[in-house]
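Enquirer: With the hints as your guide, set chain B with the ligand onto chain A.
Chains A and B, in that order, give the protein sequences. Letter 14 of the first sequence, counting from 1, is numbered 15 in this note's numbering, and no numbers are missing. Letter 380 of the second sequence, counting from 1, is numbered 810 in this note's numbering, and no numbers are missing.
A few chain B residues that face chain A, going by a derived Cβ cut-off under 7 Å, partial list only: (1) R501; (2) M503; (3) P505; (4) A508; (5) P519; (6) A528; (7) V530; (8) N536; (9) R563; (10) K770; (11) S772; (12) N773; (13) I776; (14) Y977; (15) Y978; (16) S983.
With beta-carbon atoms standing in for the labels, derived distance ranges: (17) A:Q281 to B:F974: 33 to 41 Å; (18) A:T23 to B:F974: 18 to 26 Å; (19) B:N967 to A:T23: 24 to 32 Å; (20) B:M986 to A:N27: 24 to 32 Å.
Honestly, the hints are just simulated from the structure, not real lab data. No experiment lies behind these values; they were computed from the predicted model shown. All C-beta atoms in this analysis are idealised placements derived from N, C-alpha and C, irrespective of residue type, glycine included.
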Amino acid sequence: MPVIKDAVCSLCGSLCDDITVTVEDNKITKIENACILGHSKFVGMFEHDRIENPMIRKDGELVPVPYEEAIEAAAKILVNSRRTLSYGWCSTSCEAIAKAIQLAEETGSLIDSTANVCHGPSALAAQEKGSPGASLGVIKNRADLIVFWGCNPVHAHPRHMSRYSSFSKGFFSTKGRKGRKMVVIDVRKTDTAKLADKYVEIEQGSDLLLITALRSAVNGHEDVIPETVAGISKEEILELAENLKNAQFSCIFFGMGVTQSRSKYKNGDGVSSLISDLNQHTKSVMIGMRGHYNVTGFGQVATWETGFPMAIDFARGFPYYNPGETGANDVLVREEADAAIISAADPGAHFPQKAVRHLAKIPVIQIDPYANPTTEIADVVIPAAVVGIEAEGTAYRMDAIPLRMKKLIDTEFKTDEQIAKDLIAKVRELKEGA
Amino acid sequence: MRMSEILIKNANVCDPAQGINCETMDLCIRDGKIVESVSESAKVIDAAGRLTMAGGFDGHTHSAGKINVGRFMNPNDARRTLVPGLSGPEAMTEKTRAQVGYNTPNTYAIGYRYAKLGYTTICEAAIPMLAARHTHEEFKEIPILDKMGLSLFGSNWQVMEYIRDKEPEKLAAYVAWGLKASRGYGVKIVNAGGGEAWGWGKNVSGLYDPVPNFDVTPAEILMGLAEANEKLQLPHSVHVHCNNLGKPGNYETTIETMKMFEKVKPVVDRQALHVTHVQFNAYAGTSWRDFETGAPMVADYLNGANHLTFDLGQVIFGPAVTMTADGPVEYANSRMLHEKWSNQDIELEDASGVVPLSYSPKSFINAVQWAIGIELALLVEDPWKIMFTTDSPNGGSFVNYPEAFTYLMSAKKREQVISGFGKMALDRMVLPGLDRELSFYELAIMTRSMQSKMYSRPEKGNLKVGSDADVAIYDIITSDIDPSVEHEKVKQAFSGAAYTLKDGKVVVKDGKIEATPMGRTYWVNAKVPADIDSAMNKDTDIKFKKYYTVSKSNYMVEDSYLPNPVEISTEGEF
Ligand code: SF4
Chain A
2 MPVIKDAVCS LCGSLCDDIT VTVEDNKITK IENACILGHS KFVGMFEHDR IENPMIRKDG
62 ELVPVPYEEA IEAAAKILVN SRRTLSYGWC STSCEAIAKA IQLAEETGSL IDSTANVCHG
122 PSALAAQEKG SPGASLGVIK NRADLIVFWG CNPVHAHPRH MSRYSSFSKG FFSTKGRKGR
182 KMVVIDVRKT DTAKLADKYV EIEQGSDLLL ITALRSAVNG HEDVIPETVA GISKEEILEL
242 AENLKNAQFS CIFFGMGVTQ SRSKYKNGDG VSSLISDLNQ HTKSVMIGMR GHYNVTGFGQ
302 VATWETGFPM AIDFARGFPY YNPGETGAND VLVREEADAA IISAADPGAH FPQKAVRHLA
362 KIPVIQIDPY ANPTTEIADV VIPAAVVGIE AEGTAYRMDA IPLRMKKLID TEFKTDEQIA
422 KDLIAKVREL KEGA
Chain B
431 MRMSEILIKN ANVCDPAQGI NCETMDLCIR DGKIVESVSE SAKVIDAAGR LTMAGGFDGH
491 THSAGKINVG RFMNPNDARR TLVPGLSGPE AMTEKTRAQV GYNTPNTYAI GYRYAKLGYT
551 TICEAAIPML AARHTHEEFK EIPILDKMGL SLFGSNWQVM EYIRDKEPEK LAAYVAWGLK
611 ASRGYGVKIV NAGGGEAWGW GKNVSGLYDP VPNFDVTPAE ILMGLAEANE KLQLPHSVHV
671 HCNNLGKPGN YETTIETMKM FEKVKPVVDR QALHVTHVQF NAYAGTSWRD FETGAPMVAD
731 YLNGANHLTF DLGQVIFGPA VTMTADGPVE YANSRMLHEK WSNQDIELED ASGVVPLSYS
791 PKSFINAVQW AIGIELALLV EDPWKIMFTT DSPNGGSFVN YPEAFTYLMS AKKREQVISG
851 FGKMALDRMV LPGLDRELSF YELAIMTRSM QSKMYSRPEK GNLKVGSDAD VAIYDIITSD
911 IDPSVEHEKV KQAFSGAAYT LKDGKVVVKD GKIEATPMGR TYWVNAKVPA DIDSAMNKDT
971 DIKFKKYYTV SKSNYMVEDS YLPNPVEIST EGEF
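Pulled out of the complex, with its shape left as it was, chain A reads as follows (with noise of 0.2 Å):
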């Protein structure tokens, strides 16, 4: 009976790495470590249901065919389009990321991550200011001060309170929870705001009015901040710009409440911007919660690929990027995809309503080992492995920490490695024939 230690859980940005998973008869039958999603993501594997067959749609239903159909079906789309959107693949490995950016160049598509709809603005907040962050283990030993910023791990990262930030236990942080001050801010109480010893609750869409005031009052403009600024009091925002210039160490982790609230990635300028200024008086980073467990690991690979981190586009058959124009989104609201490859992710559930009407009128390929609202619009579906359980691969943890997946079980389906690779190839074979 295999017993593999320290596999990685690939679902949360969290990316735990001790993990002990026991598989009989090539079913894991035991896991410890985990949280209760990552529970569910191993478990997930034999409860959830796998797309069996690769399909093409044929007469309105899908209908099964062997793989080498279904991928010359998703080549002759990708050769005959003008305009392909190829988006997704956050929870798939880093080689099957270079892949498709390869794909992307190859086909003279437009390749970008759920990033669009998540941390996007994180990444236009680092253009203009910068990114200030540390490694995960740093906060757990050092941090005295740690301020969750619209997020909400006590669901959305279930263990990462426990092993790396608030109840983590380090080396100048030998008293864990104990020893430090926990902040957040949010719009709602959460549950992550119940354990904290300060909430503040922020009037929806007022972070920037936070952060600016925040910044005046560490810069020692006290003077220019109004008797409330986004709900909350004068002196609360004193105070509490008070405990970041005193703590230690401090650490802002901000969610999806920053990037996708009103002001978008000035939000995230602003946040960088404090850091900066808390770093005169002391020391201060930020880190991004980071959902898809390798949404990092896209913006990686994308930005040594191409040289940029996401919504790139290979029209000109070099790169070019400029969210906003050439965003997932914005090329399915302006009705200008005329096909596209949507892998490890959902945009039927998660678009807005008129993106998801263009989707529905062109051709659309999906790769995921899971069926979902996207398959109810796909004309192709090709099953994929399940990274970090059938499959090994690299995932960037939310601190761009690259950490190895363990290949768990074995498994008849394609890796989206290798799917992409046959894309590739039967991709050149239709132009030369052509």
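Expert: What follows is chain B with the ligand alone, placed relative to chain A:
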């Protein structure tokens, strides 16, 4: 397998390793190696009397890892076309992937462009061990070039504890383990102890300023690691980024550091110390107001010392991206220059930062910085001590190497640049008084030959029989050209090799990419006695259990990240 043979006829060979100074001869290649002779059926390349050197070897460049942070925060760099043919966007072709960038090109562009310059080997100068997989992931996507990387040890807790507790054997075992874990080639020390101090937003001020909470000094860290380096008989010496980088008056710390290493006895036939990007560490004055060159003092010391090598960190005017494991320096840069700032502290190990900036000839500080690099190259008499670099992209992108070569080879070219400087700048440098002009022979030493010795890679950087057939042929007839006058021609020829051969395969022809074979990755496996190794492992087990956020087993870079590995084994002397 059929033998592949090439005869390079009429090559005007400049190979300092053999003392060959622009002599016309034939070069024979078989199966990727230089050989005595080849058969009649060998493919012939007619070099037509053109300048022929071993493939260039950039021994200190930032080409994988934190360069990605530079790309990430500077998408504008992707569109820069400052050096035509070697920067900016280029669509994919049948032979090449798409390219972008200038200071921070994408991985493919890095491979192609170095090859166009006739370079075939690079050393990434900073691998944060916890993130080493990332370096190797990028290495995998850099075509053509052979690669190696230096692992960061200068602010590492385990290192500092072993030095504090006087456990040199375990320290050596840890260094060996770290190199293996990160698949590194050598020991890099950046601002010894400063990275740890930066963990609390502080810095160390010099060689004897204790590191907070660890009760060791930078001097002890440097000496401790140097001793471990020799104990392990590593192919490269310690590679040191001195304390106080970027600060006026730092030349004193630099010379002090160099002097300290006089007592280190190398057990391998190479230097005891390599000091990197000395331009940034050869500053005199007490503040930016009275800032001036410290190159004469540093060069004076270097001329009398024989235990070390160094590289320049030459500045190129225009945009650059600074990236260094010197975390506190980057924060200071960003505040001083009002520039954006990225930072990445790595648990238990080190810190780093990235800040873009622009060097302007109008700024007297930048002008003096520009001069210091050249001054060092001209004032230090023995080119075998000097590696030419821009610390790419810190001083400027490597694509400017040809431009920078002309600074070294032509006083006239320097005058052209200097004529744009203000009086204030001129008063603070000694360059206008220097008329030395380097020869092709000296340039070859600084760009390939000394690297071979410095990294103990006898098969690299020279054209001896048995060496790798990495060859660059430049469109220069040395007898017909006066580089001190015809510097533009020199620049042009070095910007796009007539031929670059990698392992005997033509990868560049007439400045264009012909083929993109995958290069090797060198890493060092230093053997340590089992008992010492296991005692050290007990200590690191505790570190992983209590303080790291990854399991020890997941720390080690797996074989699959090195598609073409070359393991260099050494026997430690314990
Ligand atoms: S916190 Fe995230 S990575 Fe860790 S076990 Fe839970 S789901 Fe998996």
